[in-house]
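Protein sequences appear in the order of chains B and L.
Quick note: the first sequence uses our numbering, first residue 1, plus one each step.
Quick note: the second sequence uses our numbering, first residue 1, plus one each step.
For the record, the hints were derived by calculation from the structure and aren't laboratory data.
In this text the structure is predicted, and so the values were computed from the model without any measurement.
Treat the hints with care, as some may be off.
Here are the simulated BS3-like cross-link-like pairs (lysine-lysine), alpha carbons at most 30 Å apart as the crow flies [stated by the list, open to error]:
{"#": "1", "chain 1": "L", "residue 1": "K349", "chain 2": "L", "residue 2": "K48"}
{"#": "2", "chain 1": "B", "residue 1": "K32", "chain 2": "L", "residue 2": "K48"}
{"#": "3", "chain 1": "L", "residue 1": "K48", "chain 2": "B", "residue 2": "K10"}
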Amino acid sequence: MIKIDVDMAKCQHYGQCVFEAPNVFELNNDDKLEYTATAEDSERANVEAAIDVCPMQAIRIVE
Amino acid sequence: MTHPVLIVGASMGGLRTAEAFRRFGYTGPITVIGDEPYAPYNRPPLSKEVLAETVSHEAVAFEQRESMADVNWVLGTRVESADLDHNVVTDSNGDIHPYSALVIATGLRPRRLSVANGELRGRHAVRTLDDAIALRADLKPGARVVIVGAGFIGCEVAATARTLGCEVTVVAPGIHPMQRSLGTELAAEMQRRHEAQGVVFRLKTTVTDLVGESVVEGVALDDGTTVPCDVLVEAIGSHENTEWLEGNDLDLSAGVLANNDLRAMRQNGDPWNDVFVVGDVARFPNPAYDDDARQIEHWNIPTETAKRVAQVFTEQAQGEFRPIPSFWTDQYDNHLLAYGVLALADHVKLIDGDITADCVFGYYRLGKMVGVCGIGMRSIVQSYRTNFV
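Just chain L, with the same shape it has in the complex (with noise of 0.2 Å):
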């Protein structure tokens, strides 16, 4: 008996990596093992739109096609452990999957505050179709919401807020939200217009206590004062869910680290010819950049990476692997796209349109164009993807 393709992790990497086998031609059996409940689903409108209204695993899941019919799905698993040199992983229940080869999807999980007073209620992080539900619920018209974390998703987060009448109050560390990604200029625009909608930033500022006697009621800031809280959400970044694969001869240092092939790496160097990695949790070297691995946590690389994966196990791959990882984000009107890696760039410009209207900010590293991002401007935004090419 041929043991399956083993895919670990059913988001949208596990789900485009089986698509992708498919296409590709693999006939053989497709066992996909996920740790939530769901069948895979888009996860992007969690904190945008499908927040804004009721939130339900039928508004995001992710249409099924006929080529996953014969597709072995164990949803609700976690897989514990794995022993790659005699290929097999455990799961929670203690079933034990052979596989012929494997792939690595499991994601990324967020990271949460470490307080003293952590195990008040109250508490949401914004990741899984859960957390989104039980968000959802908590946040209800002049609610007093505090957004820790001032990256894409905790200002989507509070846009959604403010737009359903929640009183928004972020904190975060940095100088200007998503600033990390867009630069000092168009990071700052996008807190003006935050601002104008009536949220509260808390900046250059972190968490250190939580106050509450069961469930949160205030904030405690490193400035002395505490922000009174109805609704905490911490969207303070990621961990990666690798802790599965400790013990094996693999770089776990950040992600798991890859080729650009996408084979896991061993730690001489050597890579794994039966172990790919795909989505959050590969990091790769891109050379449309340079030769340094990378995770790239943007929603085209699941997709990108599945199908790289399908072409080098079908002996189809052809030429080097270079994606150009892509996002957008959606707050109150304003709708930013980009290409490109934006957080590379030493220099950031603006190249087209009115910062307080629509407009195209260009990334430099070097004096090379590396990233372009708009508010609006779409077509023109496009143009300059052939750059990264």
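One chain only, chain B, in its complex shape (with noise of 0.2 Å):
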């Protein structure tokens, strides 16, 4: 497992992440962002991409 941390001070609900890791980003209904604190593995390769693209680089993996 991966365990997830995404800066709420930073994050401004851009929602690039959503499109590198759907599984684990999403905007709500109030185009918030909300995420899973912990993913598998196999999210790995997506959570780095969801890193490399968001925009207030607030998503980090902290293992």
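Can you join these two chains into the complex? Each is in its own frame, and there are hints to help.
Right under this line is the structure:
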């Protein structure tokens, strides 16, 4: 399993991560980011890609 | 000994290239040369939230992945020339760097005003961390800030400076700020929102000279007036950093011309086998739009092009390279998000929401959607992204 942390003080809810790791990130009905704090190892590459595309560089894998 | 993959440019494009080469299985040596003294950092906050706070490398540095541990970073070093026929570049110390493959990631630098009084102090640009540190120190409450240029950078600095309590005037030749990208209606609305915050626009106007003894005290305009100025910010576009490549068989007429695999092109139209281009400086065709090669100065392009280069280099590229440009901008509480190439549009229309509140605009060329941009309404904006895939 991987553990994911989003710095919600930085996050501006641009939702770019949603396209890279849709199983982990989504925008809710209020356009706010929601995410699962843990994911299968198979999601690692997708989450790494989400880290790359986050405009605010707010996403980290904390193991 | 195997010569390294040599990446010239240590900003996001250089970092993402090194990461992608590792990710796609290249295990040989990688060297990255950059002229700034800093490890790669994220530039967009330099005109926005970080500029409103204490600007530091720590606040904007990209996290260094484990895969970067054995990359040779040569920072604070400018590359002066390249000899592509002999696979070497020469840096400002006179050191010669042979390479097995070269990745050009030298990006852009700000264009500066060309004025007679150009030696005056108090002039700023916004591109590097050092630029932002210097500008931040001058953005004191009550300071009279004149921003030349009403593109995204100019407007972001205007919003940040206004939020910090500065008096802000924006001087630009256009009719509305950001009009070339956003189109008339949305640009006019953004102008209204800036004016509601107290920003003064001097549009359809250009700078003729700077006034002052040793520091800038005023900005003279072509209508004969002079705007008092304590802090001058020049946000009038950029130059490509390609001088070091001159004398080689390349097309440097605008950036570095590359093919859809990001291989640099010779003047006869054949690609170099071992020279690639990534990021802002790359001019490449994107079949999602047409055959025309374009530079795309959007934040996601360094990452996209780096990935493509690594795939091509490791022979894992499949199909055409059709990146979807994306940008965002934050000005006060207005958070704009866009996909596509808005500037291609011949027709722009409101497709959702209310222009005085949150709204979404569609951008069309010959009736086909080429871009979408919204203030807020992220889910709606995102729902149109598939139109460009």
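Here's how the hints hold up against the structure:
no.: 1; hint: L/K349 with L/K48; result: holds, 28 Å
no.: 2; hint: B/K32 with L/K48; result: holds, 21 Å
no.: 3; hint: L/K48 with B/K10; result: holds, 12 Å
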